[in-house]
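As a plain string of letters, each chain reads:
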Amino acid sequence: MGRPVSRLALMIVMDRCICCKSCEAACKQEHGLGPHEYRNKVLWLETPGTPRVDLLTVTCQHCERPACLRACPVNPKAIAKDPETGVVAVDEARCTGCGECVVACPYGAMGFDPVDHHAVKCDLCASRRERGRTPACASVCPTTAIRFGERADHLAAVAREGRDAIEHDHFLMGPATVYLPPARRRSEREASPKLIALMADHSSRDVLRTVTREGPYGADRDRRTADRIVPGACNVCFNGCPVKFHIREDKVVGITGNDEDPTFQGRICPKSQMTLQLYNNERRLTRPLKRVGPKGSGRMEPIAWAQALDEIAAKLVELRDRHGPETLALFSGTRSGIITNNGYVSLFRQMWGTPNQESTEPFCSSTKNLAFGMVQGNRALPNSYTPSDIGSAGLFVYIGDNQAETRPVYFGMINEWRRRTGAAMVVIDPRLSATANAADRWLPIRSGTDMALVLAMINHIFARGLHDRHFCEHWMEGWERWRDWLDAQGYTPAWAAPITDLPREEIEALAEAIATADGCMIYASRGINQHSNGTQTNRALMFLAAMTGNWARPGGGYFNVSSATFIRADAPLERRVVPARPAVGRSPAAWLAAMTDADPYPITAMIGSNNPFALWPSQEHVRAAARALELYVHLALFENEASAFADYVLPVASGVEKGGISRASEERRIVWSDKLIDPPGEARSDGWIWIELGKRLGFGDVLKEEYKDICVFWDEMCAGSEYLRGCTSEAFRASPTRTLRFPMGPNGAAPETLYREGTTAAGEPEGRRFPTKTGKLEFWTEEQEAAFAALGLSALPEFYSEPEQVVALPYLERDGKEAALEQPRMFSDRPSYGRSARIVPGSDDSPGARLRARGFDTALVTGRPPAPHFHSWTHDFWQAQEMWPDLYVQVHPGKAGALGIEDGALVRIETADGAIEARAWVRDGIRPDTVYVPIGWGEKQPFNPWRPVNHLTDHTQRDPMADQTNLKTRLCRISAV
Amino acid sequence: MSNAVLQSRSSSGPARPALRKHALLALMVGTAGLSALFFIVRPVLPAAWSTPGSPELYLTGVLGALLCLAPFAFSIAKRSGRADSPPAWFIAHVAAATVGVALLVVHSGLHVRRPPALLLAGGVFLVVQGAWARVWLAHRIAGVFGGRYAAIIGTGGVDKERLRTLIDAKTALLTRLDREAQEALFSPALSHWCRHPLLSLRYVRLAKAESALVGRHGAVSPVLAHWRTLHIAVAFLFLAGLAVHVITVTFFAGYVADGGPIDWWHLAAWGAP
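Protein sequences appear in the order of chains A and B. With the first sequence counted from 1, adding 289 to any position gets you this note's numbering. With the second sequence counted from 1, adding 78 to any position gets you this note's numbering.
Just chain A, with the same shape it has in the complex:
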């Protein structure tokens, strides 16, 4: 039969896919689809016996002989095929919903609307094609794994690459969709890929039947067509992705990637799009609530704003009178936004006089923040996502960083560039993440031993004379001390091999590859930061990058998300109240003892946002602390675990309900959003709440009424730093994409690569390349050594791991008291208490050995869930729940088999601090001695509540310098339930 010359099709490049499911999100919003209703779906397939993941996008094949069409009993058919384009489409107005087409499609690519009862299928976004646009899925795909065009062109492109498309015309139906299989060929001995139970089992998704389809979902096209489209930023995570908000009257009816942005080009992850389910959500809090039942009961009653704020202010004053201003703790995070955290809350803190203000940083990245500050003088990441900078790297090394699932668009760029340049990619991670799956090599390191790997590589590079002498001699302060120290310690690849459980040859080869690559980008993230050795491991990685010349050069650098945003709002000196006592540590984890035992002094009140009841470690302690508080004010979008314990719950605005900037991305970009819609009900912006509360406490002269306008507040209080100079709200609005990069030069442009040789750092004396005292990257100074020594340690990197390890390794022993000493100011920007520490060798009497003797024989690693989720708030988005509903634990088949655990079965995970249950994800892509459980799930979430993994973590295991909690390596034991 003749093929139409212009037959249209998608081409799906399987080894570009990272299973972020952005295509699913785009499809559902474009076509107004609700739960269970699919036109496309990405499947995560694992191959038993092999650490291999296949990511498959299922969508209509637009067959030449469409079985669906022939099965349709209606006359004329409710399904038709365009003779020119070959597109097969369903006319829902003629469909009676019998489901015959669904059963008939041998590819399982026919969807069904279980609410309005009709067939649903991909028509390659006919409505978009009419406007000259590509299908929604292809337009957003962060990794360009989905491409749209004429089938013949796809096949020609495949042939040009010398590859073969998957031959899947088993049924002689002539499928049009082109699948390009992973380049890594499947051996004949390998088993067939299998859909993981978490995706195959629909029972957890049944709860979504109760979802009310709001906003664009379920609405006809007229009602979801925008009357204006405004550029802005996604406000979910730290990427600050540029998006377009589609507004109809006072509702957000669409969120798409900003195709005018030269970097992102419309690519976007699913979270941005799913914030539609934030702006249109019947569960949003709309009135202030006051607790009327016992703590934890969740029994609340609505009250007026004035009453709530008056009562809170009165209680705060009472507590201040009894305990001093330090008794108030302030906690905010990503949800509340960077302007709130570093602006409104910071001003409030300064005038109130408490040192105890923290964000989520101590759980995410304070070790790398501290390390960057010590080494480079600030936290600006120097490189840019351009072909001539990051795109020119010869090698990409990821260590403890799953960029594919945490920053999908940036990963897509790198993946594209490396295909063009032939750059290699190596991933070091205890599990086969989506990033590792895309890499050339995966090194399954023992969790918590990255420091040993890096020190050994540094030593090996010195030993081989492969270091960049010019950079070392001119731009690294203290490099010789490191060199001599590592040599003296005997930190060789042979030493590191049994510690890391990586072959010596692999360590040497990687070290040499980094040293000899023409540009190496080293990426680290939470896998490095969330350890009690996070500061030192970050410093070691920085040393590795610098000694190989991979710092502040195109195609070479060390990245650890994200760049600092450089906002610092300060009250006039005369209005600041200097706290009489230091901060209780630099982490909310340190506050718990102050809340329950007044150690070192009582914290009796907390105003907090985000969700401490899912996020903070040692959940039993967190709950005890919340019960002990005399005042707990919770600023929230939805009712959650924390609101059940709060005395007052204040409904807040989010994203374009309040406007403001995104956080700086890893390439120093920030994006502005205007306030576009009103928040639901009586919800208010965080800024409004802090100003109104401040007024009641006499702070109105600084937290001014006009600062409720976020533009005024930003321009007057936030954008004054050297690095944000020129980044005014007006400048943002003058940018078509509302995007600016910093630091802006006189011409308004930011350097592509910051701190290049021959340049002067912003705000520094002429000729000072880096913003440090010496103008060099500082790895060892007398001042650093003194600061470390005050804690009982050395600035020179001595290897230690976590106290609970699966093998005997050196670990850190801490002083028991939270307030043992005053933390050296090098490690804290305000006076705070700290604890001394000493490194002790692993022994039969170490905490790990004692636990192993009790059967705790497995390393528990916690971390980010897949791309559609971010902490706990995406659990109120029905589509994120549809994609990944259940808390899971990744287990190696060897361990699972020995314990009788099957894929998808319920498993109990237990540490010395508690136990939770989760569903097993049995896979070869994880170390046999390790299990992995993601964060973000909570007991009171609306669809699939689970006890959060932080019931298993320990708030006392913290980095002594940065106070960051170890969330990556604990001993646990698992069993079938």
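Don't read these hints as lab results, they were simulated from the structure. The beta-carbon is built from N, C-alpha and C at its ideal position, and this holds for glycine as well. Please note that the accuracy of each hint is not assured.
[Stated by the list, open to error] EDC-like, lysine to aspartate or glutamate: derived pairs with alpha carbons at most 20 angstroms apart:
{"id": "1", "chain 1": "B", "residue 1": "K99", "chain 2": "A", "residue 2": "D495"}
{"id": "2", "chain 1": "B", "residue 1": "K99", "chain 2": "A", "residue 2": "D509"}
{"id": "3", "chain 1": "A", "residue 1": "K984", "chain 2": "A", "residue 2": "D610"}
[Unchecked claim] Beta-carbon label-pair distances, calculated as ranges:
{"id": "4", "chain 1": "A", "residue 1": "A798", "chain 2": "B", "residue 2": "K238", "range": "38 to 48 angstroms"}
{"id": "5", "chain 1": "A", "residue 1": "A489", "chain 2": "B", "residue 2": "F329", "range": "49 to 59 angstroms"}
{"id": "6", "chain 1": "A", "residue 1": "D495", "chain 2": "B", "residue 2": "A110", "range": "17 to 27 angstroms"}
Keeping the supplied structure of chain A fixed, place chain B upon it in accordance with the hints.
Positioned in the frame of chain A, the structure of chain B alone reads:
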């Protein structure tokens, strides 16, 4: 082909009437409730409301039977090309059948020990099964999406030669059944059945053989694969039973009365003992 791009029509569009879960359940519960109410108050009603052959219940039965023909009208309309809005016909078939069966229950006077009770059971089964499919099975139908991934990345395991033979046979047959049609897009419509019943039957048998080879039904649960076949089969049995009942009470009133009084309108009393 017109300039318009062929597209899947928007869900929930005004052009498509839909019978959502709550409306369907309300119809079911409402109808059942009214029927139950009738039987609760029946003891205080005149005796005629307890006698299936009385004019009141006779006419109730006639009305119920006529309403129960609506599904067959729907079946014909959607296959004949005469239905502007098949979904509207679908809703009509659900509503009419539900009310019709309820009227037949009322007409029966709950005399469930006689053979016509089988007819009632069939009617009730059709209503309940149809509602079950709409309310509960719909989610299972939706869940099929993405379940056959092995067809994309696997070998398929299909005898392609045999498949080709079947397709060739269908193509050859189609030259006699409908010269204008393309095998790739064709399945027999009502008009084909009327004009060429045997050819249509042969074609359908070939198509079923192809489906079986492709594994059409094997990839889903038996319930999902066959619920509709069962629904249609029981519906035809119901229609046949209805016809038999009408014929017997009209012409074989004596047989039906089995020695008792013949208190309904009839044309002949054949078959009396």
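Outcome of the hint check:
As the CA atoms of K99(B) and D495(A) are separated by approximately 15 angstroms, the hinted pair is consistent with the 20 angstroms bound. Straight-line distance between C-alpha atoms of K99(B) and D509(A) comes to about 19 angstroms, which keeps the hinted pair within the 20 angstroms bound. Simply put, K984(A) and D610(A) have alpha-carbon atoms about 18 angstroms apart, close enough for the 20 angstroms limit, and the pair holds. In this structure the supplied range 38 to 48 angstroms holds for A798(A) paired with K238(B), their Cβ-Cβ distance being about 46 angstroms.
The hinted window of 49 to 59 angstroms between A489(A) and F329(B) holds, with their beta carbons roughly 58 angstroms apart. The beta-carbon spacing between D495(A) and A110(B), approximately 26 angstroms, falls within the hinted interval of 17 to 27 angstroms.
Taken one by one, the earlier hints all hold for this structure without exception.
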